[in-house]
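Participant: Fit chain B to the given chain A structure using the hints.
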Amino acid sequence: MLFRALVWAPVRSRPWRSLATVIGIAAGVAAFVATLIASRSAVSSLRDDTALGGELVRIEAPGGIDDSALALLRPLTQGAQLLPRMDEWVLEQNSRSVLRLYGIDALLDPRLLQGPKDWRPTSEQIEATWQGRGVWVSQELPTALTERNELQLLVRGIPRTVPVIGHFPLRSPDDPLRSAVIGDLALVESLFAPGRRLDSVDLVPRKGWTAEQVQESALACVPQPLRVVSSADLERERRAMVRSLEFNLLSLSGISLLVGAVLVATALASAVVERRKLLALCVSLGATRRQLVATLLGEALLYGSLGGALGAIGGALAAHALAPTMRSSVETVLGALPESGVRIEAGLVLAGVAMGIAAALLASILPLFEIVRTPPLQSLRRAQQQPLSARARLGSLLLAGLLVWSALQLMHVPSPDGLPLSGLGASIALLLALVAVQGPLIDALGRSALRMPGLLARMPSLRLSASALAAGRRRAAWASAAVGMSVALSISIAAMVLSFRSSVESWAREGLLADLALRPVATAGGVPLGELDAGILAECQSLYGPEHVHPFHREPARVGGRSITLGGGDLAVVARRGGVAYRDGRDSREVLQRAHTLGRVLINEPLATWTGLREGDSIRIETDAGVLEKTIEGVFVDYGDSQGLVITERAEFLRLFPRSLPRTIDIYLDDPTSADAERERVLAVLQTRFAVEVLTRTQLLDRILSVFDRTFAITRALELVSAIVAVIAVLTVLYALLAERAGDLALLWSLGATRAELFAQILLQAAWIGLLGAVLGILTGLAIGVVLVDVVNLQSFGWTIRYQQPFETCVRMLVLVVVFAGIAGALPALRVLASPAARILREEGT
Amino acid sequence: MQALREVSLAVEAGEWLALVGPSGCGKSTLLNLLSGVDQPSSGRAEVLGVDLARGSERERALLRRRSIGIIFQAFHLVPHLSVAENVALPLALDRKRDPARVQFLLERVGLAARARHLPSELSGGEQQRVAIARALVHRPRLIVADEPTGNLDSANGVRVLELLDELRREAGAALVVATHDRALAQRADRVARLKDGGLIGWGLTEAG
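Chains A and B, in that order, are what the protein sequence lines are. The opening residue of the first sequence carries number 1 in the numbering used here; numbering runs sequentially from there. The opening residue of the second sequence carries number 847 in the numbering used here; numbering runs sequentially from there.
Isolated chain B (complex conformation):
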């Protein structure tokens, strides 16, 4: 079964692209391809100059750790690392230290006071803010987010989204978000509509 077919799209630096479509339409698969988590079985996928179909395991790992920030719907924080350590994780994987950057991001997401707490001691909204800080700590050129507000109530969802937008603008990173949330998609620079694994159009509606 093909999860994606004949999808051809390019994302510019600093651009916010939203992917919308019903469940099973291929949004997550596309995000996984963009983030180098999955490899295309055929065709070509190039992210930041790396050919994902031909690139080695290590090349794709380096791409993820240095150039891509990932935000998950279920936050996915490491439970026995502190908040600060979770944020610093991409740097640590690249053998780098930047405590000032970690501190700056924690302040920006409003969690500086909880730097030494464990994720289990935070609310859902706070956990997603940690995930955002983690996605930005290594100054990625591309951020991919899969339903980043899916596990949050609407008020928290809006706050998290505004924060994400603000921080990625400051960093100049491109953002690709998969979402069911029309309000969220409306904030994007471009919206790509997917269905049955294919790109069926641009814009929230057929009228675009």
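Isolated chain A (complex conformation):
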């Protein structure tokens, strides 16, 4: 009965406000669920342990396994089947889709031909596979790619046409085999180069053997540098690679849920205000506080369940749309990825609903205080809001100060396990400080207007709107806080992206000095994929001489148990013109020349951050040819790799990885102004045999920045989200605020103000809320931007970024939010001005 009177009837009478509340929470939940599903889907394409089987033990080595090593593994055949495997990512030539090319022993390996019960390859297909006459692709691969039963692949810069034998079914929507191309080892080897090493040998336990037993036997007989890893180890490594990225994405969407919760709190507080008389009447008639609290919690539960369910469904649907953008972001950090399906996990959807409910219940805490303070009807008029007491003001400011101090302290706390927890904590503390300071700020606004006696006569609308704002301080503070949080989120991301972009731009401009850059053809997302054939290097060297050509190789290696990349380059070639900046400020030419002369290595900044290694330290790099112990000559700034990169002299690198092919080739011309003509010349020589990209320095810089801009295009959407949040916050609050101040408006009307003047005053009041929220949000956002740039980024990726303030975005956000907030004031204004002033005055007089 009480619920019907206090909740159901008001909810039904204000369907739009209820809808806005539900949308507020649904938007937060949807952002969270969509980010989670899309990021999980993007990184799921990295999975390969289950791609060709279930539980297994894998033997691998940096740089690959030589055939001769297989003999050493023979004792293991008793407990497990030994299945050698090659895998490499290649590009489909026309669509530039990333595909994963697997080479397996088709005779031995039963896993490919195991499918669902109703799926069996024909005997012709099986025979063709064994004979290496073609490859298998998944049934989900776009048919356009295999139109004539052929696949056009780009392998190491060389176009290859491969017949398609058949299509295998997928086991789940996010099966990593979606983008797989599978063929016999001999065929795959021939596509690359004769003598290509195996990437791994999978040990599939035989009947009666467990994976643990096989792993134990393998550990006992496998010599160094071969490594024995289990499915669980592989999964752990994959998760470690993407953990920081996932954490950051989740934190971002978690904050959007927080903004959603503030919106719900705003709406619930407004609902309490609107029903104040009804609540007071119930108190007079004997309703207990507990009963009133239960009704509000019931309402929060209603909004939370509906918003959570809508958000979870919306998020699941939006995940499909978000997946390409997310993949692009993940590619920027982790390198090219194949396309992956989007799998909606029921657990995630349910978690979304639970989060909606939790956020709504959390949001009801402060409105609950309001409900508990509702006096009986008889004393309602006396319970008008008073100006903030000096004690309350001081308390709020002290709390804000304490939160800012905590944020400053947290910025210096080291991150546990590479997760930027302290950075996130500092960001949340700053957001809470923003909320704490709203009340005193609005109160101060009212007080300062009070100290300007001439303001009323000069600008009556301005003075009256400031007065109305101060009169509804508590509600206005909520709306302003919601706007501020959303703006802060947007500005902080803009600050991070701008800082990142300008750092990358100056890093690329100052450091990438080659006149021509040869790169493998890039994926649709703009990320170069694969290696360059040895013939390409030979052509370049014959055109310009080895002293002008800088081939750069990369292979996986490990430092202190951490997966890193070992790079090999001709340091003397680069030293002539110089390269990227070094952390200690030395001229790059000097550092490169010393490294070349003294046989030292260079490491990138992330590796130095993760391991604490410095210039002059000794570094131990594990490769399949043994351990490389070197002295570090310099630590260079690097935004192309976050896992760790060590660069050594190419000759030494090739001693370790004799079959390695260059990933990039840079050409330094005697006359840099002839770059365009020389590009044409190189293309003319190469295009008959190879498909590679030849870019001038300007084109390369443009490519880097365009990939960057595409990756962070989502930040533009955040600005719009902030404006929409401002509209919802102002709408929900103004309805309540104006309902509460309807008497004041009626009074002004009776004293001679026209409805148009009152309308303008309300719009101004709404704009005030937007302005306060936007200004505080901008300041907080700039501060959080510092945390993101200096703490979160460093803890997540190990990059040093120069902080840049996004002035343009700040101005745009300020104008956008104030205008949107002002416009949002129109609806409540029209509603309150439609009520007969005489009746309101009579009611107020009682």
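Keep in mind that the hints were calculated from the coordinates and are not lab data. Honestly, I wouldn't trust all of these hints.
[Stated by the list, open to error] Pairs of lysine to any residue residues, derived as SDA-like cross-links and limited to a Cα-Cα distance of at most 20 angstroms, are as follows:
#1 B:1041 / B:853
#2 A:207 / A:74
#3 B:942 / A:462
#4 B:942 / A:457
#5 A:277 / A:12
#6 B:942 / A:552
#7 B:942 / A:453
#8 B:942 / B:956
#9 B:942 / A:760
#10 B:1041 / B:854
#11 A:277 / A:140
#12 A:207 / A:79
#13 B:942 / B:1002
#14 A:277 / A:288
#15 A:277 / A:742
#16 B:942 / A:455
#17 A:277 / A:372
#18 A:277 / A:290
#19 B:942 / B:966
#20 B:942 / A:366
#21 A:207 / A:82
#22 B:942 / A:756
#23 A:207 / A:108
#24 B:942 / B:904
Keep in mind that this is a model prediction, so the values were computed, not measured.
Facilitator: Chain B only, in chain A's frame:
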């Protein structure tokens, strides 16, 4: 339902007219009509030359802001404007400034020292004195007051009433007061008795 029917009365400049009658008799409705807050659904109501039935929203607003002063039973001060600002409000709405007039009225109502205080810091009697100053600040030709002493104790009520009378005499404004208070009504130049929305006679009693 008709709140008022066949009421025909005229108020002269400088005159004090009291409206008396039981609750629901139409006193407040009549005051709302006189002050341009309400419009008649039929018939004619002309205040200071403005036809309220036909006048536009803006005409009625200008009438209220320039020529009419209103005093409410519940004072109705704007809570976050200072005392001086509350008094200056009708001038501000008309884009006018007259600090000397505001100061003069605050002195007359005995609140000059509290000019910068907020209404919540004043007693009920003081709040009503602010409302009186506000009703007079723009030199209106007509003041309407709805139970101006209704929320005050009798001693404060008498003081406020004397002040109102004194100030409106100085200003030469007509005063129309709706009241239940016979003592207050006795001070008026004329008393109109209302019942069930109609004017039933003049004077406090039928004998007049």
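Participant: Decide, hint by hint, whether the structure agrees.
Facilitator: Hint-by-hint comparison with the structure:
1. B:1041 / B:853: Satisfied, since the Cα-Cα distance of roughly 11 angstroms is no more than 20 angstroms.
2. A:207 / A:74: holds, 18 angstroms
3. B:942 / A:462: With a Cα-Cα distance of about 15 angstroms, the restraint between residue 942 of chain B and residue 462 of chain A holds, given a limit of 20 angstroms.
4. B:942 / A:457: Holds, because 6 angstroms separates the two Cα atoms, which is no more than 20 angstroms.
5. A:277 / A:12: holds, 18 angstroms
6. B:942 / A:552: violated, 79 angstroms
7. B:942 / A:453: Holds, because 14 angstroms separates the two Cα atoms, which is no more than 20 angstroms.
8. B:942 / B:956: violated, 24 angstroms
9. B:942 / A:760: holds, 19 angstroms
10. B:1041 / B:854: Since the Cα atoms of residue 1041 of chain B and residue 854 of chain B sit roughly 14 angstroms apart, the hinted pair holds (cutoff 20 angstroms).
11. A:277 / A:140: violated, 62 angstroms
12. A:207 / A:79: The hint holds at about 8 angstroms.
13. B:942 / B:1002: Violated, because 32 angstroms separates the two Cα atoms, which is more than 20 angstroms.
14. A:277 / A:288: Roughly 15 angstroms between the alpha carbons, so the hint for residue 277 of chain A and residue 288 of chain A holds.
15. A:277 / A:742: holds, 14 angstroms
16. B:942 / A:455: holds, 12 angstroms
17. A:277 / A:372: holds, 14 angstroms
18. A:277 / A:290: holds, 18 angstroms
19. B:942 / B:966: Roughly 26 angstroms between the alpha carbons, so the hint for residue 942 of chain B and residue 966 of chain B is violated.
20. B:942 / A:366: Distance of about 43 angstroms is beyond 20 angstroms: violated.
21. A:207 / A:82: holds, 14 angstroms
22. B:942 / A:756: holds, 18 angstroms
23. A:207 / A:108: Given pair residue 207 of chain A, residue 108 of chain A holds - Cα atoms ~16 angstroms apart, limit 20 angstroms.
24. B:942 / B:904: Holds, because 17 angstroms separates the two Cα atoms, which is no more than 20 angstroms.
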